[in-house]
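Work out the full structure, taking the sequences as your base and the hints as a guide.
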Amino acid sequence: MPDFDPLFFAEVLVGGLLAGVMYSLVAIGFVLIYKTSRVLNFAQGSMVLLAALTFVSLLERGVPFWASLLLALAAMVLLGLAIERTVLRPLVNKPPITLFMATLGLSYVIEGVAQLVWGTQVHGLDLGIDDKPFEVGGILISKFDLVAAGIAAAMVALLTGFFRYTRIGLAFRAAADDQFAAFAVGLRLTRIWATAWVAAGVVALVAGLLWGARLGVQFSLSFVVLKALPVLVLGGFDSIIGAIVGGLIIGAGEKLSEVYIGPFFGGGIESWFAYVIALVFLLVRPAGLFGQQLVESA
Amino acid sequence: MNASASRFPRWLSPVALLAVAYGVLPLVGSSYLFEAILTPFLALSLAAVGLNLLTGYAGQVSLGSAAFMAVGAFAAYNFNLRVHGLPLLASLVLAGLVATALGVVFGLPSLRLRGFYLAVSTLAAQFFVEWALTKFSWFSNNNPSGVIDAPSLRIFGFSFDSSIGRYLFALTIVVVLTGLAQRLVDTQTGHNFIAVRDNELAAKVIGVPVLRTKLLAFAISSFIIGVAGALWAFAYLRTVEPAGFNLDRSFQIVFIIIIGGLASIRGAFFGAALLAVFPLILSRVGSYLLGDRFDSGVLDMSQRLVLGSLIIFFLIAEPDGLVALWDRLKRRLLPMPNNP
Amino acid sequence: MSNLTAKSTPVSIVDRSTNKEVNRPIPVPSPTLRLESITLSFGGVKAVADFELTVDTGEIRAIIGPNGAGKSSLLNVISGFYRPQRGHVWIDGRKFAQVPTQQLARLGVARTFQNLALFKGLSVLENVVIGWAAVRHANFVEQIVGLGRARREREDALARAGEIIDFLDLNAVPDRLAGALPYGLQKRVELARALVARPKILLLDEPMAGMTVTEKQEMTRFVRAARDEFGTTVILIEHDIGIVMGLSDRVAVLDHGRKIADGSPAEVQANQAVIDAYLGVAHDDAPEEVYA
Amino acid sequence: MKTIKLIPTLGRRFALSAALAVTISGTTFQTKAADEQFFPLQSYRVGPYAAGGTGFFGGFIDYLNLINIRDGGVNGVKLTWAEGETQYEVERGVEVYERLKNHPGIAAWNPLSVGIAYAMIDRITQDKTPLITINHGRTDSTDGRVFPYVFPLLLNPYSETSAIINYIGTKLGGLDQLKGKKLVVLYHGSPYGKETIPIYELLAQKYGFTVQQIEVPHPGNEQESQWLTIRRAKPEYVVLRGWGVMNPVAIKTAQKVGFPADHIVGNVWSNSEEDVTPAGEAAKGYVAITTQASGAQYPVLQEIVKTVYGAGKGNLEDKNRIGSVYHNLGIVNGILNVEAVRTAQEKFGHRTLTGDEVRWGFEHLKLDPARVEALGAKDLFHSINVTWDNHEGDGYVTFQRWDGKKWNVVSDWIAPDWALLRPIIEKSATAYATEHNIQLRTAAEAERVDTKPYVANK
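Residue numbers (this note's numbering), protein chains in the order written: chain D, 405 to 702; chain G, 72 to 411; chain V, 5 to 296; chain C, 200 to 657.
Please note that a few of the clues may not be correct.
Claimed, not checked - Dumping the calculated BS3-like pairs for lysine-lysine here, alpha-carbon to alpha-carbon at most 30 Å: (1) C/604 - G/206; (2) D/536 - D/547; (3) V/263 - V/99; (4) C/604 - D/547.
Simulated from the structure, these hints should not be mistaken for lab results.
See the structure below:
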């Protein structure tokens, strides 16, 4: 057991928390869609890939930064509408598991389209945020992670504001609470779902840029979905706060376990240990920390 | 499943199929047909039969079936290697039992979790097994590269080491296990699976042992998937590394039972036939039609696109999969005498 | 499975035409089921407050009350779905803080559900046979082989199912998928599934809901026949007052989770508090917690 | 009842069965090969490793085109090839092998994938056709006595390790300076990554430095904890044995934890432009080993640009990838394959050769620096000297530093410590031989060549 050095522990903890924020960015995209339509959108990872690939390919073809950002945004909006129209609406009253499997198929489609349109090359992406670490009380913190955390915080504030104070936000929450009641009251569910998918597309773009800047924009970007799933399981599929808190717990838990418990297993345990953490929480609360507890009845 | 009274006795089509599989194909098929199409098709079908029992019949979604295939393959390799004189079939059965044990362990969360939460927890099995098989080189006989070579297939003195031999070896195992699976589905236990799937609470109220049924579903399906993994390694690839059983493989098996038809043993075969042969057809038809204007990469990317849209198409247009399509076609082409 | 002639078991078939109670079992003094001051609340909303109920063997005991009075919650407490904040459920003299749902069948309790909990993927016969699933010893290997113990259990289950299917006139549809039947028939299949295991206590959660008049009469006949035939104690929750009064031995009336009357149908009908509750004399309506 | 449009499904069903018939009949190549030498290519242009695949197979095909256009083939024998997509997956690689193995006049297999190479060893040995795994593959396949048909040309993983340690030694002022120093090896969590764990331990004992080997779980898109552990261990150098997305993420995370990029040494699969460009500024100063220098200024590259790309037959879509590390590796691999065929033709005649004859050619492939210069590849790669029992051929390596835009060679040609490695390789190879009861080949047996055209079992 390496000698315990509190400064290093703090550094791993902070690093883990900031890494967790990056996971939450992706997880929020899942929550938006699950919250309103009870669909676990496994294609969120490929949407992150498509968004980043569209942005960076436009940038490399000379389109200015802000223009390519807007165009990528527009692409994600169109994608959101198209998905809702072609995949979600025909499957509207099918059990959630069927919809989940449809998003599996959808992830293959989006990955195929992304690479057919923009090719399979690896692209560097520089957002102008340099990654030089700076020292705070003996702990190295990366500037990039802080900016990412700031963006995530801004996004959460924006979303909670949207849900709480706008009319469409209210409709979202109604649909999330009880689809049939919302439908009965006359809320146009299809419009709500479309907005949900568009919002998830926008979140995917933000996550795509931040992850892309770190990883480089390439096919493996879509694996980031595997990092977000334990966060969702822990935080609950339908709660944005859960996505953030879940991300922090998984991020920190993953890093601390790799550094301190990893050596006993020979290292490299991160990939499955995150799921173990999530499962332990889950066995205590079967619908996640903040997930809506389903009251069991016949 | 209610037996639709058809003009032909119910056992006719399976017997005819077996006659073709054992009698006709070995005479006419080329080694390419066996090595690249039939043997992988059989291994994938068996894995899909296993997963169909768990997800189709018992309603427990699992995204970790590739992990159980890997356990089956590596366990069979190690039993065969380390226990001298152990007949090949015995190491296959023992490998299946190891997969069963793991299946039960990773089935435990199903007692408290349902739907997506369970599906995501089976991912834990997928990543854990992949990590463990790569990390502990004892599993691959301390071979630094972590790749295992399949032993020669000798059963009761007969060698099955030719392409036809491997095909017949795989065929026999698949036929036996599928027969047992079909038989299981018609028994009370099989009905308990469906009861737990359709309404778990009502099943519990009327006395169906829900916990035991779920674990049994995980156990039996893991056994079959484990043996399928061993077939994939010994009869098809003949050398395998843990990365061969990755998440894409799990998704492939899930896609097979969706396209083939959930809760149907035949569905596993229909789906596997399409998915095993589909990439080959697409690259052939693609290169034939489009010539070499598109390099093989573009063809392959379009295959991912077409496969994804196929999944969505089936979920929308024919949720009961190819099996339902085939039955409807059969009824239309061979009108039953008493069918209005 | 073609229709199965019921094996001649020494059970006297009730002569339906005369509708007379032929050999009505004498109620045994000790209550088969007792709800002892049950209090149940969901997140601060009191669904049932301090509810007391005794049910004697072989009795048809009804619980009525306006919508959302907490009737279904009571059945769910007896079925062990909810753990009451206070009070106990006594079944055959055994006391439970929360009834173990998995042991219900072994305790001889069976139930139907308000909005149908049939197994859509199974045929009618298979649905009924599975109702007998609790008493199964042969493991899955024996069942696959299908000899010895497994075969006997299978045949015995089919025979029992056949009897109940005859008993409830379901002979026309044993092989049809349960999910594909008309609503009325599905209700009957669910009753058959509950009765096949010869339960001591049968919980009926609005069995007549959504039925035509003729279907209601048939169902009433079946319930009375079940009690007369197999001595089953029945706890009935039903809205149709006419049916309830005609069918039950004793009736308890529930309003906003509290028992406001309990007695013979005649006494209850004359009770002013019941009339007020039903005619809806204005008083503050607590928000309803409707859990089917 | 759901109204299902039966016509399209019927249509699709017939198309499906028609196409099925095409595949079942299998591909029987009747056309008589008019003196052609065929190269089956199990390429991958898609998925996480597309960059490597498109570069390598692009370079290989470009060189074959050059030989065909400039020289009209090798002594008149035209070179032909066919590609099958494998997406770097083993079973796809096996399927392409099964499909092309009956093609007449196969010279050699070049899969450029560890997994596919392993799956092919038994099969190609039975078919008597050489399997080339340039810079990768099984280390012990260097021993020609046990693996007659497998050629890890130029560099096997152990030689690569020894060369890296030699390089770090020179940077520290001599191999003796290694004593007491601390080294970290960051390896990809896969069989490829784990292959060199034993050799690093052995070299650590030999030179007295301590080595800590840290695994990065696949795909390696997040390496926070690994690099924090490195930061605490404070090693002099980190060796990056990465693959795919893991490389740029490693370099970026190194910058994040304040570890200097010029103290990271990349192995032969973490040395391409695609490995560093995504990391942007953070990769400046990063050094990586290579058997082939990058850049397009070499004569053979100029010729390819002039004749092949000039004639519009260039395989690379993105022209500014010409001269990249993967592209040049494909070209060097092309040179070695073609020269092996040429060597074999001197003995067996200017005609289509059998697999075993080409194997003989590879076992007598001697390209000294003068011959390399004649081929227009001076400074592109050093030399090769393959013998019947040394299938690696003692390749030399050099090191390149990334200046943010391109690779610059920063060391002269370094030789790995072959003498030290040979016994280790032989021990592992003989262990494999006993496990699979293979008798060791002798020099005489190596000379015996099967000259009748081989048709794999029907």
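Exercise. In ascending order, which of the hints set out earlier in this document are inconsistent with the structure?
Worked result: Checked against the structure, the only hint that fails is number 1, while the rest are satisfied.
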